[in-house]
Amino acid sequence: MKLARKLTAALTLGAALIWAGSEVQREREERAALLADVSRDHRDLGLVLAAAIASAEKPPEEVLRELAPRRDGLTVTFLRGNEPRRATSEALTVTHLPVADRGVLELAETNDTSDHFVSAARRESVVALVVLVALFALLSNILGELLIGRRTRLLVERTRRIGRGDLRAEPVGPPRDELAELAAEIESMCAGLRVARDEVAQQSEERVRAVEQLRHADRLGTVGKLAAGIAHELGTPLNVVAGRAALAAQAPDIDEAKRHARAIREATDRMARLLRQLMSFARRSELKICVQPIAPVVERAVAFVEPLSRKHGVTVSVDNTAPKAIAAIDAAQIEQVLVNLLVNALQASDRGATVEIKISRADDEVHLAVRDRGIGIDEGDLSRVFDPFFTTKDVGEGTGLGLSVARGIVEEHRGDIGVESERGGGTTVTVKLPARRTQVVMENEACSTPTLM
Amino acid sequence: MLNAHPHVIQPRARAIVAEDDPAFLELLGEALGAAGFEPFLVRSGGELLRAVERFSLERYPKPPVDLIVTDLRMPRLSGLDALRWIRAGRWDVPAILLTAFADDALDTEAARVGATLVAKPVRLDALTCIAEMLLRRHPAAFARRRICS
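So the protein sequences, as listed, match chains P and H.
Residues 1 to 453, numbered by our numbering, are exactly what the first sequence covers, in order.
Residues 1 to 149, numbered by our numbering, are exactly what the second sequence covers, in order.
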């Protein structure tokens, strides 16, 4: 609307100026014409009067007194000889006419009438101008509002709605003018946005579904693997128990029966060990996170495996490059992780070898690396080491759950666990743990050690 | 109970048992031994092949063993693959394949190598029954036993 008003104001001003200019010109011409009329009138009158004076016996003043019209503003004088003559001026029109050789007739008339006429005309024209301008202004307001203002406002609202995300289609008339064209283009742009938005929504939906499926499948996969693993690992010793029991029932003497009974004992021990590992697998959902120094946890784990390390003739050494390092952990669970890693390392090492635990700090993380120089892991097996029940150890020596459990615990701490190994070159398992509580890992109320933040 | 004719000394039928779980392996050995077989125990598909090779030299021209009992899933070389190798060597030895996961595909594969599938967990009496029946159909030497129910 402001646009329309500006336009109209400019046009109106221009028109008004042009009009005013032409009016002034016309006024001038009119006045000149009026005064010319007066002069002509004077001359006509003067000729008559001059003729009368010339032919009359009376003195000219008398003639004039008798004959001169008495008009307001008109003075007729007879001038003799060197009597001064008046001159035409702004307010006065003076005409001189010689009368034979007796003198000059002077007709002087004020310009009042003409001036009145002109000023009346001027007043009229000014009024007309004002009316015209007012009319223009009104028309421009109305038309501006109808043709431009309202429609522009609607367009602005439409684009605002689009900006807010309302991409519903709206009907648009035929492209009668620029604004209608604009409206049509906006709708077509809106349609384009709709298509794009639907595509994006669909893609993101597909992606979300795919991720969900993967997660679901992964969960199923792990649970499936676990179930299959349990079925197998428990099923076999169970089979042994059943078979041995049958044989024991048929045994010819007590010594054979005792032999079978011993085998039953071993099988049930194996099942019990597996069940214990499974229980700790299941039990670990209760995490108690506290921010605490990591060194004591490592030391406790080392102390725990001391009998085993002695049995294997392997030394365990701790290399602490960050003595004051702290981490947000459940101490008992991380201890279990370390014990599992140490047991693996010890079992893989030769007599007299060393297993090294390195503690280090990196930004917001604490790194624990358990390294052995044992037999190493095949490249093909590396990707499966964390699978439940996967083990390269002899049957009965390991359940295949140690690394699986470890990974589960580390992941619940929002940490990371990785393994590097080469066949014949030793293995390093690195555990990364957050050094401070993260948003997801909230600290529990009861922490025995004061938090060092 | 080893022979039906005590005055004829029958050599015991030799059975190779391949199974990676040592306790289970021992059990199978005991069961087959009690059923009159001479069990030979190995712990992997590779060891199975090596044993068959060794015995085939020893017992030539007779078949290396009278019965093969093998677990399907073993590290590195599976029981099925080992049997394929053995069949390729034209040894027509009766075979029993033990498995915890039986499906149609496995049925076909087992049939192809001429092995009888026995599902785990294994009922020992059923196993020994099947073993004897397989031997009965075979011209090789076998221990005569009454068929268990």
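For the record, the hints were derived by calculation from the structure and aren't laboratory data.
C-beta: ideal position from N, C-alpha, C; glycine also.
There could be a bad hint or two in this list.
Subject to a maximum C-alpha distance of 25 angstroms in a straight line, what follows is the list of computed BS3-like cross-link-like pairs (lysine-lysine) [what the hints assert, rightly or not]:
1) Lys62(H) x Lys225(P)
2) Lys324(P) x Lys358(P)
3) Lys393(P) x Lys120(H)
4) Lys358(P) x Lys225(P)
5) Lys258(P) x Lys311(P)
6) Lys311(P) x Lys225(P)
What follows is a list of derived Cβ distance ranges for each label pair [stated by the list, open to error]:
7) Glu411(P) x Phe101(H): 28 to 34 angstroms
8) Thr268(P) x Met133(H): 28 to 34 angstroms
9) Phe101(H) x Arg259(P): 29 to 35 angstroms
10) Arg259(P) x Gly46(H): 27 to 33 angstroms
11) Ala102(H) x Thr354(P): 15 to 21 angstroms
To see whether the hints hold, each was checked on the structure:
no.	hint	verdict
1	Lys62(H) x Lys225(P)	violated, 44 angstroms
2	Lys324(P) x Lys358(P)	holds, 14 angstroms
3	Lys393(P) x Lys120(H)	holds, 22 angstroms
4	Lys358(P) x Lys225(P)	violated, 33 angstroms
5	Lys258(P) x Lys311(P)	violated, 30 angstroms
6	Lys311(P) x Lys225(P)	violated, 33 angstroms
7	Glu411(P) x Phe101(H): 28 to 34 angstroms	holds, 29 angstroms
8	Thr268(P) x Met133(H): 28 to 34 angstroms	holds, 33 angstroms
9	Phe101(H) x Arg259(P): 29 to 35 angstroms	holds, 31 angstroms
10	Arg259(P) x Gly46(H): 27 to 33 angstroms	holds, 29 angstroms
11	Ala102(H) x Thr354(P): 15 to 21 angstroms	violated, 48 angstroms
Checked against the numbered hints given earlier, the structure breaks hints 1, 4, 5, 6 and 11 and satisfies all the rest.
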